[in-house]
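Colleague: When the count follows full-length UniProt numbering, it moves up by one through the sequence shown with no breaks and lands on 420 for the last residue.
Do not rely on the hints blindly, as some may be mistaken.
[Unchecked claim] Using C-beta positions, here's what the derived DEER-type ranges look like:
(1) Asp202 <-> His374: 23 to 31 Å
(2) Asn156 <-> Gly207: 27 to 35 Å
(3) Pro61 <-> Arg16: 55 to 63 Å
(4) Gln341 <-> Asn156: 45 to 53 Å
Calculated directly from the structure, the hints in this document are not laboratory data. Glycine residues also receive a C-beta, built at the ideal position from the N, C-alpha and C atoms.
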Amino acid sequence: MILLYTILRESDQGPRDPSLLHLQATHRSRSVWRTGAAPSQYFRRRDANQSDLNIDVRLIPILQAAGFYGVARVSTLQLDWSLLGALVERWRPETHSFHLPMGECTITLQDVGVLLGLPIDGEPVMCPVGPPPGQRWETIVGEVFGQIPPPEAFNNSRLRLTWVEGLTPARLRDDAGLFGGSLFTDHSGGLIHSSWVHFVRDLEALGGYAWGPAVLAPGCLLLLQLWAWERLPTLAPVRTTVPLEDVAFWGHQLPGPHGARYIVVVFLLVCTFQVVNCLFKLTNFIWEPYAGILDTLPDYCLAGRHLWRFRGPMICVYIVEPHQPDRVARQFGMIQRIPDQPHYSHEHHVMTLRGQKVLDYAVVHQPSMTHWQHRLEHIWIDDVIDGHATVPEYMDWYLPRTVRFISQLGALHTHLVSIF
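Please put together the full structure from these sequences, using the hints given.
Modeller: If you want it as structure tokens, here you go:
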């Protein structure tokens, strides 16, 4: 007991140098360290019935043209909330990356293309957050769905997905479900902002937007889980070697994206993942899981390959988040150097559509829009790994600036393994 007490007393969660992770005092990992439990977190994904989703075969050409075909092949996957909760405790908003013992890692545009098959290139996903002057949302939604929703179908400017699901089979019902649940993290309990209707009014134009960055910017739970399974195979279910979907339905269609290989979810307790997170070594994390399979993917997964190392803002209407491949160079087979100090904007992190009047975010985010329009001028590149994956000084810089342990149990386990 004395040994255990001494270990815990001398354990330091970190960071020792707060210049990078300056929000640690209010980060949920701090609560886990002090009390053993984090504040309650709410993940909502409005797709409880998607395992029984029957896509009208006539919709497949529309999904392909819009760029959502790959997601349709993956969106019925059940989520592992324990795994997602543990990953969130490693996510740092200051750097927009996960902090693991061997360095930073994150989801990139490469992951979006390979796992979901979403288009990376295109116009930024931007639209007015209010109806056109002189019009009401009820009228616009009615034009799209062929039926005017009753007043109780709205919560201010947000539309209840239960109303959409209750419609007789309609051409856009499944598209609305993708917007409201599978692609964009839903914190509103089954509500989708009416502004998305601007996009589905013109299905032919959907394929011209950069949906990949738009999905990555706010966070996508489905993508996060697939990313974790690819990078951390010890946490992943066994990959199937047989077709995952109804062959009679999909057999004559284009192949699904790389993320369409999983069907089994293995549930563990969050505290178990916290211990495992503390034990991650360089050999446990797969930096380049797609190195040997890119040539086997359908063309739509690789169409945005020239932008996988884009360095700059990702735009999703009111949300703007940075894409920083230089912070995770090893994920692209390049040498990891000490990255620049990241830009953190508190204003961007608290921005929401709730309570907003009609506001043109294209004006608010004009600098980011301009940066994206010149995206080909902002492709990051560095030296390819030839021997050491990091410069010698990287870990000396990183370790004092990161959180070493999430829980005291993890710290204790790590110290005991090193002793015995």
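Colleague: Now look at each hint and say whether the structure bears it out.
Modeller: The hints, checked one at a time:
no.	hint	verdict
1	Asp202 <-> His374: 23 to 31 Å	holds, 26 Å
2	Asn156 <-> Gly207: 27 to 35 Å	holds, 30 Å
3	Pro61 <-> Arg16: 55 to 63 Å	holds, 56 Å
4	Gln341 <-> Asn156: 45 to 53 Å	violated, 39 Å
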